[in-house]
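Going down the list, the sequences are from chains A and B. With the first letter of the first sequence counted as 1, position 145 gets the number 145 in the UniProt record's numbering; the numbers rise by one all the way through. With the first letter of the second sequence counted as 1, position 181 gets the number 181 in the UniProt record's numbering; the numbers rise by one all the way through.
Some clues are possibly wrong.
Claimed, not checked - DSSO-like mimics (lysine-lysine), calculated; alpha carbons at most 30 Å apart, straight line:
hint, chain 1, residue 1, chain 2, residue 2
1, B, Lys234, A, Lys35
2, B, Lys129, B, Lys66
3, A, Lys7, B, Lys232
4, B, Lys186, A, Lys147
5, A, Lys7, B, Lys234
6, B, Lys186, B, Lys57
7, A, Lys147, A, Lys33
8, B, Lys153, A, Lys147
9, A, Lys19, B, Lys153
10, A, Lys22, B, Lys234
11, B, Lys186, A, Lys19
12, B, Lys66, A, Lys22
13, B, Lys93, B, Lys57
14, B, Lys232, A, Lys33
15, B, Lys234, A, Lys19
16, A, Lys19, B, Lys57
17, B, Lys170, A, Lys33
18, A, Lys147, B, Lys192
19, B, Lys186, B, Lys232
Claimed, not checked - Derived contacts from chain A toward chain B, CB cut-off under 8 Å, selection only:
hint, residue
20, Asn15
21, Arg16
22, His18
23, Lys19
24, Glu20
What the hints contain is simulated information worked out from the structure, not anything from laboratory work. For each residue, glycine too, the CB sits at the ideal point set by N, CA and C.
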Amino acid sequence: MSSSSPKGLSRIAANRLHKELKEWQVNPPTGFKHKVSDNLQRWIVEVTGAPNTLYENETYYLQVDFPENYPMEAPQVIFTQNPPLHPHIYSNGHICLDILYDSWSPAMTVSSICISILSMLSSSTEKARPVDNDRYVRNCRNGKSPKETRWWFHDDKV
Amino acid sequence: MAEEETEEEVEAAIAVYGADCTVIRRSPPYLVVRLQPRTANDISQQYPSVPPMLELKDTKGLEDGKVSRLLSELRELADELTSNPMLVAICEKALDRLTEMNQPDGNCCFCMEPLVMENEVSNLRPFMKLLSCFHCFHSECFIRWWRWMLQRKNLDKSDVLLISRPEEEKDVIASCMKLLEEAEMKCPVCRKSINIQDMLSIWSILTADLGQEQDFLPDAEVIFSNTEIERKAKFDELFRAQQHRGGIIEPRKLEVIVPGMFVSLPSARADDEESGLASSTLQASESSSSSADARGELLQVTDNVSLGGQQTGQCEDSGRGSKSSERFNNPLTQKKGRRPNHTGAKKGYWVRRDHEGSK
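Bound conformation, chain A alone (with noise of 0.2 Å):
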């Protein structure tokens, strides 16, 4: 993703993010590795499908991209590389879930987004891309972040 040079991290924001650093180290969410790096400002999150799911043993990477304004406004959440395939995630890596936009808290933690991401995985059903995936993909070619589409969330079973 080439995001137009992101501003830096505000002192606030920091703090913020050395707390859930530190929160991680002592008690990562169950399936999921941080490879730490310098890089406060950018964590790649390793995902491991939870057992009998459709996803179980399978790999993949989260890529959590924190605003200034962490955590007034939501990270950037998306998958990288092969993304999982599931009905809410598109092949671009942009994955349509309520909490990481409209539904945004502060008092959510990337560990909480990545409890409902793992979540979200598991309670699937099938093994497919959205509906308007190709649709969707194409209007993003310019490397569009996730945070600039308007978000329709109409499934709360998957």
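Based on these hints, arrange chain B on the given structure of chain A.
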């Protein structure tokens, strides 16, 4: 006669058994009377020789751990006081413990710092509570979020906020109602809509004049944590390596050099780049000086003069000609304390003010 007697008997039964007596038919009488042993509902038979059952109800806002701790403490007390009157004692104990527990647990959801520091005598960062859901936040964190939300909804400049100091209470209520109508704020933790009672209780906090937004103190715990120290060390090392290989481009200083200013040199390069800097200074002063012939005389480089801490210090008086430069080497003026002590010496030079007065 017999009928009347029967009637009276039925009346008597109704009077005695009250709600337990249901009359199906008065004549001939057909009654259903619910009878219980007289001791069935009577706890006084057992209490206080057997401690009463205790339960905590409606414990919203009290953390689970605290609820179970409180309950077990109360049960212990009840066991202890068995065979004695204890009801008031138990209630008082519960009241005391609740008073002690009356501070929020856990962290502020915005900054993840504890709301109440355990060993802190004075709580440096005040917190607030939403009345309808009992969720607590640092006041400053909540205000920052509140303003951010209003800004996002383009309400930060709305008239509602202009009446931030209403004279009368009804104005406050009206303002709150209007704001809530337009903004529809929800508790960031539980998403319960913030209602008028919540608003009224936090109104003074929300409209308090914070002046300059205060950044809270940097979190020493984080900054001096091992991970952060390691991270910094790694970066410093990288930086030095890159600097060593000439990969760091120093940003150009945008300072405008004016006569009377002390210009510092980067200490490591002061010697070998002295001439280069002097010429760049010349170019800078050229623009501020109208006379071209002044160029050569504008600068006087006083190298190795100790002027710790006064990188951009300015001369007090101007237009003294060459005398001003003599003053710097005069021990008398040095003693007057114009210059701080000689530790932390910085290389640099003063830009003469010769031509300022004559312009």
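Each hint tested on the structure:
1. B:Lys234 x A:Lys35: Between Lys234 (chain B) and Lys35 (chain A) the Cα gap is close to 17 Å, so the pair holds against 30 Å.
2. B:Lys129 x B:Lys66: Since the Cα atoms of Lys129 (chain B) and Lys66 (chain B) sit roughly 19 Å apart, the hinted pair holds (cutoff 30 Å).
3. A:Lys7 x B:Lys232: holds (20 Å)
4. B:Lys186 x A:Lys147: holds (21 Å)
5. A:Lys7 x B:Lys234: holds (23 Å)
6. B:Lys186 x B:Lys57: Status holds; Cα separation ~26 Å.
7. A:Lys147 x A:Lys33: Status holds; Cα separation ~24 Å.
8. B:Lys153 x A:Lys147: holds (17 Å)
9. A:Lys19 x B:Lys153: holds (29 Å)
10. A:Lys22 x B:Lys234: Measuring from Cα to Cα gives roughly 18 Å; hence the hint holds.
11. B:Lys186 x A:Lys19: holds (24 Å)
12. B:Lys66 x A:Lys22: holds (26 Å)
13. B:Lys93 x B:Lys57: holds (16 Å)
14. B:Lys232 x A:Lys33: Holds: Lys232 (chain B) and Lys33 (chain A) sit about 23 Å apart, inside 30 Å.
15. B:Lys234 x A:Lys19: Holds - the C-alpha atoms of Lys19 (chain A) and Lys234 (chain B) are around 20 Å apart, at most 30 Å.
16. A:Lys19 x B:Lys57: Between Lys19 (chain A) and Lys57 (chain B) the Cα gap is close to 35 Å, so the pair fails against 30 Å, i.e. violated.
17. B:Lys170 x A:Lys33: Judged against 30 Å, a Cα distance of about 54 Å means the pair is violated.
18. A:Lys147 x B:Lys192: With Cα atoms ~25 Å apart, Lys147 (chain A) and Lys192 (chain B) stay inside 30 Å; holds.
19. B:Lys186 x B:Lys232: violated (39 Å)
20. Asn15: The hint holds - Asn15 (chain A) has a Cβ within 8 Å of chain B, the shortest such distance being about 5 Å.
21. Arg16: holds (6 Å)
22. His18: Holds, about 4 Å.
23. Lys19: Holds, about 4 Å.
24. Glu20: holds (7 Å)
In the structure shown, a violation is registered for the earlier hints numbered 16, 17, 19, in ascending order.
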